[in-house]
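K.L.:
Heads up: the sequence lines are chains F and E, in that order. Using the UniProt record's numbering, you'd call the opening residue of the first sequence number 1 and step up by one each time. Using the UniProt record's numbering, you'd call the opening residue of the second sequence number 1 and step up by one each time.
I should point out that these hints are in silico values taken from the structure, not numbers from a laboratory. Heads up, a few of these hints could be off.
Dumping the calculated DMTMM-like pairs for lysine to aspartate or glutamate here, alpha-carbon to alpha-carbon at most 20 Å [stated by the list, open to error]:
| no. | chain 1 | residue 1 | chain 2 | residue 2 |
| --- | --- | --- | --- | --- |
| 1 | F | Lys304 | E | Asp107 |
| 2 | F | Lys301 | E | Glu81 |
| 3 | F | Lys240 | F | Glu286 |
| 4 | F | Lys304 | E | Asp110 |
| 5 | F | Lys217 | F | Asp200 |
| 6 | F | Lys304 | E | Glu46 |
| 7 | F | Lys210 | F | Asp272 |
If you want a taste of the chain E side facing chain F, the calculated C-beta under 10 Å gives, among others [claimed, not checked]:
| no. | residue |
| --- | --- |
| 8 | Leu25 |
| 9 | Gly74 |
| 10 | Arg75 |
| 11 | Arg101 |
To be clear about the criterion: a stretch of chain F counts as covered by chain E if any three or more of its residues have a C-beta under 8 Å from a C-beta of chain E, and this derived list gives those stretches [unchecked claim]:
| no. | stretch |
| --- | --- |
| 12 | 273-286 |
| 13 | 294-306 |
Beta carbons are placed, not taken as given, at the ideal position from N, Cα and C, and that holds for glycine.
Okay, here's what each chain looks like letter by letter:
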Amino acid sequence: MVVGVACGSDLLIYKNNKPFYKFSVPSLPILALEQDAWQKLSEPDTDSSKIIENLKNTPFGLLSPRSQTLVNLPQEDIKEFIEKYSSIHLTKSSPITCMTSLKRNSEDPLAISCPVLATEQGQVYVLDPQSFTILHEAHISNAKATPSIIRASGILDIEFRIIVACREMFITLLRRGWLEGKIIIQTVLPIVDMILMPGDNFICAATTDKMLHCYTKRGNKLWSVKMNQPITCLCLIPLKHLSIALVAVGMQGGAIHLYHSRHSVDFITAPDTPSAIVFGQLGQEEHVMVIITTSGTMNFKILKRTADFNLNRDNSISPAAQSKPLPLPKRSKLFLEQSMRERQHAVDMHQSFQQDLVRLRLIAARTVVQVNSNQAAAGNEKEQLKLSAQVLGLGPMFTLILTLENMNSDKALIELSAVFHCKPSIYKLSSYISAIPLIPPGLAYKIETKVKECLNSENSTEEGAAISTTQIIRVFIVRLGQVQPVLAATINMPPTDPLAYTV
Amino acid sequence: MGLFQKLAFFLGIRRKEVNVLVIGLNNSGKSTIINHFKDEEEKVAEIVPTVGFNVEKFQNQNLSFTAFDMSGHGRYRDLWEHYYKDCHGIIFVIDSSDRLRLVVVKDELDLLLQHPDICNRKIPILFFGNKMDCKDALSSVKIAAGLGLDKIMDKPWHISASNALTGDGLQEGVEWLTQQIRETIVTRN
Ligand SMILES: Nc1nc2c(ncn2[C@@H]2O[C@H](COP(=O)(O)OP(=O)(O)OP(=O)(O)O)[C@@H](O)[C@H]2O)c(=O)[nH]1
Ligand SMILES: [Mg+2]
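Next up, chain F with everything else stripped away, as it sits in the complex:
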C-alpha cells in the first residue's frame, strides 16, 4: 500500500510510511512579457521600478506566483527579492485541489490503481503508479472551472469516467480518450460533496441548501431530498453481502443518516459535526466507518453483522404507484371541443356566469327574508326576548294568548308593556295596552286578551276582498321611555265561521 499526499503542486508518495517519491505538476506556460521582465531584472543596473510598473499593468491572474509577490512588495524589499530569485528558473505551477485513484487494468480491490490529480487551473492528470509519468492529461471544461471534488470509476485501460465537481457550481465528465470534459450537471448552489454510486454510476451530490441530489450518469436528475441540517460530507457504504450501497450523509451537529436511494434507513451520531467519513476494511474487520469531526476527534463504528436495514419492509412502505403515471383518461373529442369553445367565447361565458351568480344571490336573499317573516314566533336577539302568539276560539269571540319568554340566563326583563294595534272597525279588544311585570330569567309570561270581531253583514260582503289584509292584529312590546319598540309582531286572525255566527 502506498499513500499519496498532495501538497501545493506536488504529490508526495509514501511507501511503508517512508517518503518515496515526489511528483510535481508540470509548469504552465509563462507570458513572454513576464519572461522578458525577469530577464531584464537579472541584469545588473536596470531600472526595476519601470519593469514592475509594466508587470502591474498585466492581469494579475496571468502572472506567476513570483511576479504576483513582487508587484505587491513594499519598496524597500524589492531589491533583495530580485537578487534572491532572479537567477532561479521561472515557473508557474497550479496547486492540486483534489485527487482520487483509478484502477489500471483490473476491478480487483487489491489491483494497481493510478493517481488522478486535478489542479486549480482545471487540468486533470492520470499518472503511472510505477514510473510517475503522465498517462493521460485533459482539461475539465472549456469554461473557467476550479475543481473541488474528483471521483473516478471504471478501468483506465478499458473504459473509465472521471467526474469533477467545480466551485463554479457545475459537474463535468471526462471519459477515456477525451481531451476536454463536458458539463453534465449544473447546480444552483455550491456543491459540498459528491460520490459516485457503484454499478449504475449514479451521481449523488450535496449542496449548501441541505439538499441531497441524485443524477443519472448522463446528468438527469432522479430525485432530491432535503435534510434538516446542512450537509458537511458524504460517504459511500457498499454492502456486498446485502447487494446494496448506502450513502452516509454527515450533517452539522453530528447526525449521520444512512440513505438507501432516497429513503433514510438508519442514523448514527458522532460527538460533533463530521468533516470526513470513510468506510471500508480496518484490520480484520470489513465494515468499519471512521468519522473525523471538525473538533478533531476520530470515531470508529463497526457495522453489526446482522444489520439488514429493514430493506424488505421499506419496499412495501414506499408506494409503488408513485413510479408509474396516474391512470388519466385520454383527451376526448368532447373535451377538445369544449376547450375550443372556452377559448373563443371567454368573455361571454364569464358574463353569463356572473349574471347567474348574481341571480342566485338574489334568490338566496329573498328566501332568507321570507323565512324570517314567516316565523310564528318573533324574537329579539339583543334583548333575548321571544314572543309567541296563540289564537283560541271560532269567532266572533276569540282569546289571544301571547307568551313572552325571557331567554336571558342571568338578566330579568323589566319595564315592558304590550301594545295592541288593530282596525277598530273590525276588532274590539278587552285591553289595548297591558303592562308586563318583571320576567325573571328563563321564565315566560302569558297575556290573555279577549278579541271580538265586529261583524256587520254589509261589511263582510262588500269588503270581502280586503279581509285578508285587515284581519290582523299588531303587537308591539315597548320599553318605558324608549321610542323604538323592542319587538313587533303581526298576528293573522282566523276568519269567523259564518255558520257559527248565524246560530
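Chain F is fixed; fit chain E with the ligands onto it per the hints.
P.N.:
Here is chain E with the ligands on its own, set in the frame of chain F:
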C-alpha cells in the same frame, strides 16, 4: 470415590464421544488451538484461515472430543447456530490483542446466549483470551468485564488466558471443560 461416582464415571466413559463447538471471530486462533491438541503426526505446519468449518478429533482425559472448528469470518458466522443443538460444550476464542473488535465479540456472544438452542441449556462455555503473548493483550479479567461474563448465571463458564503458539493455558482450560461435560453427563443419567 463413592459407589455412585464410580458408576457415573463408568457411564461417562461409556459415553465417551463428546462434541464441542469452537467459535470466535476470524484470526482469533481457533484452528491453532485445536491443532495444539492433535497428535503429533496429525499436526499441520501452517494454519490458513478456515473456510466454512473443519471437523477435528482429539483425546483428553479418556474423553474423545469431536471439535467443530468453525470459520470466524463474518460471512460464515451464520453457520455457527446450526451446530448449537448437538454440542456438549462451547469453546469461545477471543483475540485479546484485538481491542477494536471486542465490541464485535460481545455482539456475537450475546447472539449465542440468546439463541433458542442455547439459552435454556446448562451448557458449559470455555473462553480463551488467546494471544496473551502479544504486547497490547487485554488481561482475562478485563475481557470478562468487557464482555459482561459475570451476567451469565445459568451456565458454567471459565476464562483462561492462552497462547496457542506455545500451548500455555490451553490444557488448564480444556481440563475444566472436560470436568464440566462429565458432570452434565452424570446429572443427566
Ligand atoms: N502471537 C500469537 N499469535 C497467534 C496465537 N494464536 C494464533 N495466532 C496466530 O493468529 C493467526 C490466526 O490463527 P487461526 O488459528 O488461523 O485463527 P482462526 O480463529 O482459526 O481463524 P479463522 O479460521 O479465519 O476463523 C495465525 O497466524 C496464528 O499463527 C497466539 O496465541 N499468539
Ligand atoms: Mg480457523
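K.L.:
Output the numbers, in ascending order, of every earlier hint that fails for this structure.
P.N.:
2 and 6
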